[in-house]
Amino acid sequence: MAAKPRIGIAIAGALAAVLAVAGAGPALGHDKSKHVDPPAEGADAVASPEVAEPAAEGAAPEPFPVDIGGEFALIDHTGTPVTDADYHGRFLLVFFGYARCDSICPVGLKRMTEAVDLLGEPGERVQPVLITVDPEHDTPEVLAEHLPRLHPRLVGLTGTTEAVSAAMRSYKVNAKLVGQSWKGTPRISHGSYIYLMGPDGALLSILPPVLSSEAMAGIITRYLSQS
Amino acid sequence: MRHVTRLLAAGLMFVGLSLPAAAAAPQRVQVTGEVIDTWCYITDIMFAEGTTHHQCALWCAVGGIPVGVLGDDGEVYMVLKVGDDTTNVANPAILEIQTHRVSVDGELYERDGIKYLLIDQVVNDEGIVTVNHDDFGIQPFGE
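First to last, the sequence lines map onto chains A and B.
If you count by our numbering, then the first sequence holds residues 770 to 996, one letter each, in order.
If you count by our numbering, then the second sequence holds residues 516 to 658, one letter each, in order.
The calculated DMTMM-like cross-link candidates involving lysine to aspartate or glutamate, where the alpha carbons are at most 20 Å apart (straight line), are:
id : chain 1 : residue 1 : chain 2 : residue 2
1  : A       : Lys945    : B       : Asp599
2  : A       : Lys945    : A       : Asp871
3  : A       : Lys879    : A       : Glu890
4  : A       : Lys945    : A       : Glu931
5  : A       : Lys945    : B       : Glu611
6  : A       : Lys945    : B       : Asp600
7  : A       : Lys952    : A       : Asp871
8  : A       : Lys952    : A       : Asp903
9  : A       : Lys945    : A       : Glu905
Which chain A residues face chain B? A few, computed with CB under 7 Å, are given here:
id : residue
10 : Ser872
11 : Ile873
12 : Lys941
13 : Lys945
14 : His959
15 : Ser961
16 : Pro977
17 : Val979
18 : Ile988
Computed spacing ranges between beta-carbons, pair by pair:
id : chain 1 : residue 1 : chain 2 : residue 2 : range
19 : B       : Ile653    : A       : Asp969    : 42 to 50 Å
20 : B       : Asp640    : A       : Glu893    : 47 to 55 Å
21 : B       : Thr601    : A       : Gly970    : 14 to 22 Å
22 : A       : Gly970    : B       : Val646    : 43 to 51 Å
23 : B       : Asp599    : A       : His857    : 25 to 33 Å
24 : B       : Gly652    : A       : Gly858    : 48 to 56 Å
25 : A       : Thr847    : B       : Ile643    : 46 to 54 Å
26 : B       : Pro541    : A       : Gly970    : 19 to 27 Å
27 : B       : Asp650    : A       : Gly858    : 50 to 58 Å
28 : A       : Pro832    : B       : Thr601    : 17 to 25 Å
Because the hints were derived from the structure by calculation, they are not lab data.
Remember, predicted model here, so these are calculated numbers, not experimental data.
Yeah, the Cβ is synthetic: ideal placement off N, Cα and C, and Gly gets one too.
Turn these sequences into a full structure, and let the hints guide you.
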């Protein structure tokens with residue numbers, strides 16, 4: 770796969786500009802997701818709607834009838850082989866990204882893990898997971914060093930190129946090397962939706978990373994209350 | 516007026532967040548509207564329509580930011596796939612129609628107040644019809 774440095778720099782520049790203006794980059798010291806306005810006052814409020822009231826308990830969550838998710842066999846950041854079955858019984862929040870990403874990954878992962886924190890004690894039933902799209906670099910050791918900076922409960926999954934590719938196919942996630950930074954760091958274009966999987970491994974919801982952590986928590990709360 | 520319409524559209528996207536997560540079965544729909552970069556549009560961090568924002572929208576799509584269709588009905592439809600492609604990341608079909616006014620056929624899923632679109636085909640492509648860079652400049656890069 771031929772690198773296209775100029776494209777990579779342009780993408781990084783565009784995303785950095787966008788995310789910087791959004792105030793969403795963790796390095797910027799301003800977390801817009803914490804800003805909750807009354808819903809009628811504009812799009813900031815839209816990006817940070819109030820946490821929704823949970824639905825009535827008792828009704829089992831209905832799977833999202835889209836063929837996303839499924840089996841995977843990977844290695845977690847402690848070096849332990851894991852499969853999707855190992856997470857059955859818990860809710861999963863799955864994000865595909867990579868440790869060296871400095872554009873959408875820090876934002877998506879920050880919002881996803883903040884949502885888990887906002888859930889409080891019920892959030893202990895929710896496991897946030899990063900599946901790398903850069904397995905050659907993101908070894909268990911690399912992930913073990915990187916992930917605690919993001920969240921103490923964030924699990925990193927990696928594996929052989931074939932195993933990671935299989936997981937990406939299950940989730941209909943594509944990733945492509947599109948260039949590199951001036952430092953030579955790869956720029957990998959990849960999907961940024963966050964997938965909420967149920968205790969049985971079925972897809973429950975797809976969370977766009979444009980949602981605030983509060984909005985994500987509201988959606989997750991609904992499913993927690995139904996299970 | 517356009518700004519008000521945009522805020523309304525963004526508000527409509529998530530107005531259903533307090534509603535139950537139902538609507539399991541997809542609906543066959545045809546949606547007409549502008550292909551947008553959902554990050555810049557929803558967060559309202561800049562004017563994210565038309566020629567003003569086309570360059571940014573392309574790079575954001577390549578960078579993995581979800582692409583949407585801002586329908587004439589004011590709704591934002593999150594695109595999950597186009598045609599036979601299994602993903603929407605760096606999808607040439609998406610990049611070729613970014614910022615275009617299109618009519619698409621596909622399946623609509625509603626979940627947690629969010630509308631998701633699996634596009635089967637683009638049945639009409641009018642190209643970029645919102646020519647507004649003289650009004651708003653080129654965002655966020657400038658000329």
